[in-house]
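Just so you know, the protein sequences line up as chains A and B, in that order.
Our numbering puts the first residue of the first sequence at 12, with every later residue one more than the last.
Our numbering puts the first residue of the second sequence at 12, with every later residue one more than the last.
If you're looking for bench data, these hints aren't it; they were derived computationally from the structure.
Positions of the beta carbon are idealized from the N, C-alpha and C atoms, including for glycine.
Incorrect hints may appear among the rest.
[To be verified] The following label-pair restraints were derived from C-beta to C-beta distances:
1. B:Gly334 to A:Leu295: 45 to 55 Å
2. A:Glu299 to B:Gly16: 40 to 50 Å
3. A:Glu256 to B:Lys213: 54 to 64 Å
4. A:Asp302 to B:Arg278: 22 to 32 Å
5. B:Ala279 to A:Arg231: 54 to 64 Å
6. A:Ala280 to B:Thr259: 22 to 32 Å
7. A:Glu250 to B:Ala309: 46 to 56 Å
8. A:Glu270 to B:Gly334: 38 to 48 Å
9. B:Gln304 to A:Gly136: 46 to 56 Å
[Claimed, not checked] Here are the simulated DSS-like cross-link-like pairs (lysine-lysine), alpha carbons at most 30 Å apart as the crow flies:
10. B:Lys213 to A:Lys291
11. A:Lys193 to B:Lys193
12. B:Lys232 to A:Lys193
13. B:Lys232 to A:Lys291
14. A:Lys308 to B:Lys193
15. A:Lys213 to A:Lys232
There are 2 protein chains.
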Amino acid sequence: MDIAGMAERIAGGERRALARAITLVESGRADHRAQATELLATLDTGRQALRIGLSGTPGVGKSTFIESFGKMLTAQGKRVAVLAVDPSSARSGGSILGDKTRMDELARDPNAFIRPSPSQTHLGGVARRTREAVALCEAAGYDVVLIETVGVGQSETVVAQMSDLFLLLLAPAGGDELQGVKRGIMEMADLIVINKADGDLKATAVRTQADYAGALRLLRKRAQDPDGYPKAMTVSALEDRGLPEVWTALEELAEWRRETGHWDATRAAQARYWFEEAVKAALLAELETPDAQARLKALSQAVAAGDAEPTVAARDFVQQLRGETPQAG
Amino acid sequence: MDIAGMAERIAGGERRALARAITLVESGRADHRAQATELLATLDTGRQALRIGLSGTPGVGKSTFIESFGKMLTAQGKRVAVLAVDPSSARSGGSILGDKTRMDELARDPNAFIRPSPSQTHLGGVARRTREAVALCEAAGYDVVLIETVGVGQSETVVAQMSDLFLLLLAPAGGDELQGVKRGIMEMADLIVINKADGDLKATAVRTQADYAGALRLLRKRAQDPDGYPKAMTVSALEDRGLPEVWTALEELAEWRRETGHWDATRAAQARYWFEEAVKAALLAELETPDAQARLKALSQAVAAGDAEPTVAARDFVQQLRGETPQAG
Numbered sequence: 012m013d014i015a016g017m018a019e020r021i022a023g024g025e026r027r028a029l030a031r032a033i034t035l036v037e038s039g040r041a042d043h044r045a046q047a048t049e050l051l052a053t054l055d056t057g058r059q060a061l062r063i064g065l066s067g068t069p070g071v072g073k074s075t076f077i078e079s080f081g082k083m084l085t086a087q088g089k090r091v092a093v094l095a096v097d098p099s100s101a102r103s104g105g106s107i108l109g110d111k112t113r114m115d116e117l118a119r120d121p122n123a124f125i126r127p128s129p130s131q132t133h134l135g136g137v138a139r140r141t142r143e144a145v146a147l148c149e150a151a152g153y154d155v156v157l158i159e160t161v162g163v164g165q166s167e168t169v170v171a172q173m174s175d176l177f178l179l180l181l182a183p184a185g186g187d188e189l190q191g192v193k194r195g196i197m198e199m200a201d202l203i204v205i206n207k208a209d210g211d212l213k214a215t216a217v218r219t220q221a222d223y224a225g226a227l228r229l230l231r232k233r234a235q236d237p238d239g240y241p242k243a244m245t246v247s248a249l250e251d252r253g254l255p256e257v258w259t260a261l262e263e264l265a266e267w268r269r270e271t272g273h274w275d276a277t278r279a280a281q282a283r284y285w286f287e288e289a290v291k292a293a294l295l296a297e298l299e300t301p302d303a304q305a306r307l308k309a310l311s312q313a314v315a316a317g318d319a320e321p322t323v324a325a326r327d328f329v330q331q332l333r334g335e336t337p338q339a340g
Numbered sequence: 012m013d014i015a016g017m018a019e020r021i022a023g024g025e026r027r028a029l030a031r032a033i034t035l036v037e038s039g040r041a042d043h044r045a046q047a048t049e050l051l052a053t054l055d056t057g058r059q060a061l062r063i064g065l066s067g068t069p070g071v072g073k074s075t076f077i078e079s080f081g082k083m084l085t086a087q088g089k090r091v092a093v094l095a096v097d098p099s100s101a102r103s104g105g106s107i108l109g110d111k112t113r114m115d116e117l118a119r120d121p122n123a124f125i126r127p128s129p130s131q132t133h134l135g136g137v138a139r140r141t142r143e144a145v146a147l148c149e150a151a152g153y154d155v156v157l158i159e160t161v162g163v164g165q166s167e168t169v170v171a172q173m174s175d176l177f178l179l180l181l182a183p184a185g186g187d188e189l190q191g192v193k194r195g196i197m198e199m200a201d202l203i204v205i206n207k208a209d210g211d212l213k214a215t216a217v218r219t220q221a222d223y224a225g226a227l228r229l230l231r232k233r234a235q236d237p238d239g240y241p242k243a244m245t246v247s248a249l250e251d252r253g254l255p256e257v258w259t260a261l262e263e264l265a266e267w268r269r270e271t272g273h274w275d276a277t278r279a280a281q282a283r284y285w286f287e288e289a290v291k292a293a294l295l296a297e298l299e300t301p302d303a304q305a306r307l308k309a310l311s312q313a314v315a316a317g318d319a320e321p322t323v324a325a326r327d328f329v330q331q332l333r334g335e336t337p338q339a340g
């Protein structure tokens with residue numbers, strides 16, 4: 012594979028080259044992994060997009076929001092990439108962005124790039140690949156990278172680790188119930204956006220916004236937040252209302268963090284985190300060869316049957332892996 | 012170190028030998044780790060104690076409960092070991108069982124063995140060591156091993172992975188509030204025991220028991236549970252009331268699980284889990300040498316400064332670790 016040529020085409024903004032590179036990054040094959048790493052080493056990864064993490068429970072209108080929000084940005088001449096982290100895609104075989112018809116217009120926009128979630132067994136694997144895909148989108152000159160996930164907890168933490176800002180999309184809800192949103196996710200949000208502020212739901216949306224604004228004031232006061240943030244707002248993705256205000260808020264917050272140094276500090280901490288994760292993954296990759304898997308399975312059965320002590324079996328396994336003779340006993 | 016002699020003394024029930032063996036198991040030194048593994052390979056680890064996980068929020072009277080419950084069991088001629096998993100001990104420098112005066116009488120009982128939580132940075136490390144300490148206690152002929160932890164979530168999951176039964180100790184509480192106990196911990200419990208059912212709190216304790224009995228019926232119906240389990244009961248550890256009933260319930264449940272095969276299935280799954288954890292830990296132990304740590308730190312700083320891409324830096328690090336020449340790029 013011509014890595015240098017691919018890097019050049021990505022830097023030149025070719026969407027097809029970017030799509031192929033992400034496929035390479037997502038591959039589990041060792042030779043693909045080596046090529047993907049070589050590609051990342053070749054590309055200029057110094058460019059920074061605005062990385063926006065986006066979460067919301069199913070039915071909240073996330074696709075409609077991304078479509079409307081994305082189209083607004085591309086109309087301003089910005090280039091927008093949409094990636095997804097979906098821990099359930101391994102099970103369902105599908106992906107939250109797989110149904111591209113849901114973002115029909117944005118998908119056809121030449122300034123937009125939409126990529127479904129990779130299907131993988133482990134959230135950790137999906138996460139590392141998505142982080143690399145984000146880096147590829149930045150190198151390809153995208154101005155905004157939206158990283159979408161579903162509201163199930165662990166995937167939000169992972170998306171927050173690769174985002175500059177985190178947006179939580181919610182539906183209007185009666186009363187002051189917090190819609191089953193986990194406190195941890197609330198604490199992660201820089202912006203809570205109540206969607207469907209239209210028609211019959213408009214009044215409820217405004218009330219919901221007030222509830223969340225109150226909850227946010229109680230929940231969080233971080234050094235990374237200027238006055239007024241985290242913030243709750245209402246939008247109607249369907250009627251295209253409130254979206255410019257969301258963008259203004261995101262830009263204002265990003266700008267403040269850049270000026271105060273929080274932006275760089277967060278990016279540095281995230282880079283450290285992904286470096287350490289990649290080191291661990293590389294060491295554990297020793298377990299992924301067919302030979303290692305077969306021996307792991309056999310020893311695991313012996314351990315389960317009570318024929319071997321877990322710690323002792325692990326020592327013997329690792330010694331064999333390293334080509335040492337297991338000790339007697 | 013005379014591993015064979017130590018194994019013999021442990022099998023003979025010598026508490027001092029057991030204590031020294033647990034110190035060996037807890038050590039982070041590579042030579043100690045090798046000796047500890049050798050000891051586990053030498054000992055007969057086929058003996059099974061009843062392993063009881065025990066959790067409860069601070070102030071619930073856990074030490075008093077363990078002291079009363081343990082003394083009741085030793086009075087019946089049973090040998091009882093008490094271990095602890097305390098993720099906070101690394102920070103506090105202390106340990107939940109460090110204050111032995113809290114279990115004064117049990118500590119002096121020749122049929123009891125009490126061991127504080129090891130001080131370690133990572134819960135994962137504490138967990139693996141405690142699992143090995145449990146195996147040592149079983150090999151030393153203890154009939155009951157109590158594994159204590161505090162009610163903070165992750166440590167409960169880890170204790171449940173090394174327990175046959177899980178007991179959650181709670182205080183009497185007004186109303187139907189669930190005392191901030193996480194749903195996940197509730198779902199883990201085979202027995203919820205409301206302590207302090209004495210004096211002014213007695214009526215409240217009975218009401219709390221009814222509340223939790225109701226909650227348990229809604230929360231869980233697993234194949235591992237016979238009719239009537241999970242169960243909520245009241246005790247007074249202070250006045251020594253209700254403890255025989257707790258023991259009867261635990262024995263009844265254990266017996267049912269043994270007969271239905273759930274006991275063996277759970278033990279097998281746990282053994283597999285600890286084997287896999289030990290394999291991962293052994294592979295990641297490569298990172299713990301001073302040389303690896305120094306290079307990890309330097310690369311981490313380069314990555315944080317934006318001078319190296321995380322995935323690329325990780326590849327270079329692992330290649331150096333393996334003595335390969337890092338690729339150019």
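Hints versus structure:
1. B:Gly334 to A:Leu295: 45 to 55 Å: 19 Å, violated
2. A:Glu299 to B:Gly16: 40 to 50 Å: At roughly 41 Å between Cβ atoms, Gly16 (chain B) and Glu299 (chain A) fall inside 40 to 50 Å, so the hint holds.
3. A:Glu256 to B:Lys213: 54 to 64 Å: 58 Å, holds
4. A:Asp302 to B:Arg278: 22 to 32 Å: 28 Å, holds
5. B:Ala279 to A:Arg231: 54 to 64 Å: Once the Cβ atoms are compared, 44 Å apart, the range 54 to 64 Å for Arg231 (chain A) and Ala279 (chain B) is violated.
6. A:Ala280 to B:Thr259: 22 to 32 Å: 53 Å, violated
7. A:Glu250 to B:Ala309: 46 to 56 Å: 54 Å, holds
8. A:Glu270 to B:Gly334: 38 to 48 Å: 46 Å, holds
9. B:Gln304 to A:Gly136: 46 to 56 Å: At roughly 26 Å between Cβ atoms, Gly136 (chain A) and Gln304 (chain B) fall outside 46 to 56 Å, so the hint is violated.
10. B:Lys213 to A:Lys291: 52 Å, violated
11. A:Lys193 to B:Lys193: 12 Å, holds
12. B:Lys232 to A:Lys193: 24 Å, holds
13. B:Lys232 to A:Lys291: 38 Å, violated
14. A:Lys308 to B:Lys193: 34 Å, violated
15. A:Lys213 to A:Lys232: 29 Å, holds
Consistency note: the structure conflicts with the earlier hints numbered 1, 5, 6, 9, 10, 13 and 14.
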